[in-house]
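The listed protein sequences derive, respectively, from chains A and B. To convert, note that position 164 of the first sequence is 164 in full-length UniProt numbering; the numbers rise steadily by one, no gaps. To convert, note that position 26 of the second sequence is 26 in full-length UniProt numbering; the numbers rise steadily by one, no gaps.
One thing to keep in mind: the hints can contain errors.
The calculated SDA-like cross-link candidates involving lysine to any residue, where the alpha carbons are at most 20 Å apart (straight line), are [claimed, not checked]: (1) A:Lys154 - A:Pro84; (2) A:Lys154 - B:Ser96; (3) B:Lys51 - B:Val103; (4) B:Lys51 - B:Leu124; (5) B:Lys153 - A:Val9; (6) A:Lys53 - A:Ile14; (7) A:Lys154 - B:Leu94; (8) A:Lys154 - B:Trp93; (9) A:Lys154 - B:Phe14; (10) B:Lys51 - A:Leu34.
Since the hints were derived computationally from the structure, they do not count as laboratory data. As the structure is a computational prediction, the values presented were derived from the model and not from experiment.
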Amino acid sequence: MAMKENDLVRPALIGGALAGILSSIPFFHCLCCLWVLAGGVLATYLLSDRASKQSTSYKMSDGLLTGALSGVFGAIITLIIRIPLTGYYLNWNKRFLESLARFADQMPPGWENWTEIGQQGWNPFTFFLSLLVTSIVFAFLGALGGLIGFSLFKPSAGTKNETQTPQNPGDSQPGL
Amino acid sequence: MNRTQSLFWLGTIFLSGLILAGTFLAPLLQEKNPAWSAFIYHLFSSVCHQKVERSFFWLDRPLAVCSRCLGFYAGFFISALSYPLWSRRLVRWLESRPSLILVAAIPLIVDATGGLLGLWWTPLGIRLASGILWAAFLPAFWFRALAELNRTKKSATDRKPLA
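Extracted from the complex, chain A is given alone in its bound form (with noise of 0.2 Å):
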């Protein structure tokens, strides 16, 4: 039997919480994309742990899909977060900044007044776009987490699972 669409949505939201808490944390969200990726991974390993209770079986593909759904949660829960966190990540850029302009020869005219182009107040255009594109993107390193996920938890020989099942050796690779 295999893993309903509904078992992937609470692993998903629990690494989703994960990813999306500690990418917000001011000092943890230095750590590049490694909590989106752990996201994936814990929402990955969830999903291995109800399979092995339900005696089910999750697939590659199961683990993509959690990981992927975990990334658009972060994304969501990130965002959120940071509203109340303005003020810190808007001096974060500003600091960005001035270390770029040590760096480049000539900044723009008017560059010291870009951080308050955030100051003017929440804007619904440039949230909902930054909740676009970062769900894109988290949804991305989410899946390669789930990927992740299911090299270290993949479902044992003795269960049944896809890796056992005969592949039809056209289907993954498009060819030429």
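The hints should help you fit chain B onto chain A, whose structure is shown.
Below, chain B alone, put in the same frame as chain A:
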């Protein structure tokens, strides 16, 4: 070429290419449209520390991500782009070894951990290479997972009773 496989491949190329292009768009727009440039830098700040001393420069401005992240996005894009040219034997060999995802990540993990602990400072080229090395293997598993997803959907559709 199967239509579904082509769509998956094109979709992957588009998505990964868009993300990679974004990293170059930020410095490109800085002079002509600084607000959009700042916005793009801000978007990538969720997934990268963007430390200027660890980033490559283009047009005298840093890219939107550090050298390691650039290696990751570029490696995945180039690897996915060339995927139709891979031999089937190689693809099957890779797909049967998902643990390679972790093995390929070892240089990246070692380098990042050493840098985090202040043990060493790696040149940008090495960081870039560690990102490329890891990402180069991923498309094999990515497309396999997508193929599985497609098969699962097809069998679910076939099982549905006719109206």
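Results of checking the hints against the structure:
1. A:Lys154 - A:Pro84: Distance ~39 Å between lysine 154 (chain A) and proline 84 (chain A) Cα, so the pair is violated.
2. A:Lys154 - B:Ser96: Holds - the C-alpha atoms of serine 96 (chain B) and lysine 154 (chain A) are around 12 Å apart, at most 20 Å.
3. B:Lys51 - B:Val103: At roughly 27 Å apart (the allowed maximum being 20 Å), valine 103 (chain B) and lysine 51 (chain B) break the hint.
4. B:Lys51 - B:Leu124: 12 Å, holds
5. B:Lys153 - A:Val9: 17 Å, holds
6. A:Lys53 - A:Ile14: The hint holds at about 18 Å.
7. A:Lys154 - B:Leu94: At roughly 15 Å apart (the allowed maximum being 20 Å), leucine 94 (chain B) and lysine 154 (chain A) satisfy the hint.
8. A:Lys154 - B:Trp93: This hinted pair holds, its Cα atoms lying about 17 Å apart.
9. A:Lys154 - B:Phe14: Given that 20 Å is the threshold and the Cα spacing comes to 29 Å, the pair is violated.
10. B:Lys51 - A:Leu34: With a Cα-Cα distance of about 16 Å, the restraint between lysine 51 (chain B) and leucine 34 (chain A) holds, given a limit of 20 Å.
Violated hints, in rising order: 1, 3 and 9; the structure is consistent with all others.
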